[in-house]
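A.B. asks: Please take these sequences and the hints and turn them into a complete structure.
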Amino acid sequence: MNKKTLIQKAAAAPHIVWSVLFIIAPLIFVMYYAFTDNEGSFTVSNFTELFQASYLEIFLRSVCFAFLATVICLVLAYPIAYFISRANAKTQKILIMLVMLPMWMNFLIRTYSWMALLEDTGIINTFLGFFGIGPVHMINTAGAVILGMVYNYLPYMIIPIHSVLSKVDVRLLEAAADLGSNPFTVITKVVFPLSIPGIISGITMVFVPSISTFYISQKLGGGNFDLIGDTIERQFQTAYNYNLGASMSFVLMLLIIISMTIMNKYADDDGGVII
Amino acid sequence: MNEKKIIELKGVSKTFDDEVILDNIDLKVYEKEFMTLLGPSGCGKTTTLRIIAGFVTPDSGEVLFDDVKINDVPPHKRSVNTVFQKYALFPHLNVYENIAFALRLKKVSEEEIYERVEEMLTMVNLRGFEKRDVNLLSGGQQQRVAIARALINKPRVLLLDEPLGALDLKLRKDMQNELKNIQRKTGITFIYVTHDQEEALSMSDTVVVMANGKIQQIGSPTDIYNEPENAFVADFIGESNIIDGVMLDDFKVRFSGHEFVCLDKGFGKNEAVDVVVRPEDVDVVPLEKGMLRGVVDSVTFKGVHYEIIVTINKFKWMIQSTDYVAPMQKIGIYVEPDAIHIMKKSEFSGMFGDYSSFSDELDHLSDVTEEEE
Chain A
1 MNKKTLIQKA AAAPHIVWSV LFIIAPLIFV MYYAFTDNEG SFTVSNFTEL
51 FQASYLEIFL RSVCFAFLAT VICLVLAYPI AYFISRANAK TQKILIMLVM
101 LPMWMNFLIR TYSWMALLED TGIINTFLGF FGIGPVHMIN TAGAVILGMV
151 YNYLPYMIIP IHSVLSKVDV RLLEAAADLG SNPFTVITKV VFPLSIPGII
201 SGITMVFVPS ISTFYISQKL GGGNFDLIGD TIERQFQTAY NYNLGASMSF
251 VLMLLIIISM TIMNKYADDD GGVII
Chain B
1001 MNEKKIIELK GVSKTFDDEV ILDNIDLKVY EKEFMTLLGP SGCGKTTTLR
1051 IIAGFVTPDS GEVLFDDVKI NDVPPHKRSV NTVFQKYALF PHLNVYENIA
1101 FALRLKKVSE EEIYERVEEM LTMVNLRGFE KRDVNLLSGG QQQRVAIARA
1151 LINKPRVLLL DEPLGALDLK LRKDMQNELK NIQRKTGITF IYVTHDQEEA
1201 LSMSDTVVVM ANGKIQQIGS PTDIYNEPEN AFVADFIGES NIIDGVMLDD
1251 FKVRFSGHEF VCLDKGFGKN EAVDVVVRPE DVDVVPLEKG MLRGVVDSVT
1301 FKGVHYEIIV TINKFKWMIQ STDYVAPMQK IGIYVEPDAI HIMKKSEFSG
1351 MFGDYSSFSD ELDHLSDVTE EEE
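Top to bottom, those sequences are chains A and B.
Sequential numbering of the first sequence, starting at 1, is according to this note's numbering.
Sequential numbering of the second sequence, starting at 1001, is according to this note's numbering.
A few of these clues could be false.
[What the hints assert, rightly or not] SDA-like, lysine to any residue: derived pairs with alpha carbons at most 25 Å apart:
id	chain 1	residue 1	chain 2	residue 2
1	A	Lys189	B	Glu1111
2	A	Lys167	B	Asn1135
3	A	Lys265	A	Phe59
4	B	Lys1107	A	Gly180
5	A	Lys265	A	Leu255
6	B	Lys1032	B	Lys1107
7	B	Lys1106	A	Lys265
8	A	Lys167	B	Gly1139
9	B	Lys1154	A	Leu173
10	B	Lys1289	B	Arg1254
Hint data in this document are derived by calculation from the structure and do not stem from the laboratory.
C.D. replies: As structure tokens, then:
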């Protein structure tokens, strides 16, 4: 008995070491830098500095963009996930693979590809030119940044929703129809409520990377739409103000935790949220 | 029983993946009738039910409801409701909301919903369970919720797809009585699908025996038991000894090398027939008084009676008797004229009714049905 628990403990060791080294320790560093000045003494000035209008604007923009991207992802992903889940098992596998296919390519390459597509002399405008339309200015707009987020994170919305929808028992849909539901109310009264755990996972998996992203806005927004991620990156890479960067990271983390808490309030207690 | 026809199937056929599931079915269901579709798995009984519910569209033939063709009417517009196999309760709704589901769709007022849900809960003995999570109910309770949910809409016809299949024996018996009571009280037509012949006999007004996508016989439970139309029905409903015989004349049949008096007539002279003798109708008598004689193979005590397998002229008979006989003993048997039932030869002749390969274990195995589809 004792021996067994020892083995069990030993088996958990790599995980514990990993967590301490790569999760706990970095968090401690973030806390340390966030609450100290560049001489290492305690201060909250890193946080008070964030109340400047320029930083508040960045935070607000990040939340707005991430929110919009999440909503658009949800609206696009739900019908796609539903459609996939109604196909037969073999087709489902193929379609899910197609959804994930772009994720096998490097994130930078995908973002550069969008630049090539969206530029004023890019592929889309060249194509539109044949019909005498445009050029339509697309690159370096807020829309381009949100498009980049939606494009990159859409699979993370589709997959958890599909995973829940594909497990919905067909007999429940028949039961609903039997009791008088038309095809529309079958979806609103049965399918949708049953897929809420998947929706919540999807929202989490899109919102969190969207609010903390940094590269998309620089490449597709042309530097006009600084997001929190970009600002944090700049503090570490160019301004070398680790303390301010850490305090921003800290606030971002709080923002995410608050959003997730609100989200999970809507989740059933037995909803089995994936993330 | 009311003689007003409510549902009629006319020449209904259905094929799935080149497999004929239903082959030209004709069926009439009357108002206030408790009808059971009985048959082994894969006989087409569930498909018949699903055609009536609207989940399956027949390839050919007509489905009539009050003499109106409803082949293309979707399920939600039919005044039938279904109690599904394994219930299919909505896991995201509590007991109250599951039962109220159909009324909410109709935008019935909150007070009326409350009244009618309470009425249903009273009927199925689940008062006080309103707020319960359906996932945490026992099988029997889930069953009751499913019945209440299906009945709240006051359907003209209630379809039940092996509703008691997942319950244990004791609970099954109780629910059988309860279902029968509910049917009497509400006067709703029940169409009940089962593979359990005992369930079919004890609950139904009409039993429809199905096999191989065809209806083998339609009749009252006593008709089906006493006057089976062919070897399949005789074997599927209860135990039967089915012996090859020759009809010598009206009321005169020869089998097992002996001439018997029977009550059947109207067969051709010297026509080959199947003879059914129920095990409980065979009397064990002393050797010299027997019409037939044989050696006892085995004896099994069954509580109410002994189950005796006897070899007579190479054919193994099953006899149920309250008197003990010893294995290897020579006995005589006596068959009264009214214990003999004559059937025309059919595609099932020779397939059933001989107990040479009989064992309890096999019998139980054949009771287990896989889900039909």
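A.B. asks: Are the hints correct? Go through all of them and say.
C.D. replies: Now the hints, each set against the structure:
Among the hinted pairs, Lys189(A) with Glu1111(B) is consistent with the structure: their alpha-carbon atoms are about 21 Å apart, no more than 25 Å. Between the alpha carbons of Lys167(A) and Asn1135(B) the distance comes to roughly 16 Å, so the proposed pair stays at or under 25 Å and holds. Between the alpha carbons of Lys265(A) and Phe59(A) the distance comes to roughly 24 Å, so the proposed pair stays at or under 25 Å and holds. The straight-line distance between the Cα atoms of Lys1107(B) and Gly180(A) is roughly 12 Å, inside the 25 Å bound, and the hint therefore holds.
Only pairs whose Cα atoms come within 25 Å are accepted, and Lys265(A) paired with Leu255(A) is accepted, the gap being roughly 16 Å. This hinted pair does not check out: Lys1032(B) and Lys1107(B) have alpha carbons roughly 28 Å apart, beyond 25 Å. Restraint check for Lys1106(B) and Lys265(A): not satisfied, since their Cα atoms lie roughly 30 Å apart, outside the 25 Å limit. Among the hinted pairs, Lys167(A) with Gly1139(B) is consistent with the structure: their alpha-carbon atoms are about 22 Å apart, no more than 25 Å.
Under the criterion of a C-alpha separation no larger than 25 Å, the hint pairing Lys1154(B) with Leu173(A) is consistent with the structure, at around 20 Å. Annotation: proposed proximity of Lys1289(B) to Arg1254(B) holds, straight-line Cα distance about 18 Å (limit 25 Å).
Comparing the model with each earlier hint shows violations of hints 6 and 7; every other hint is respected.
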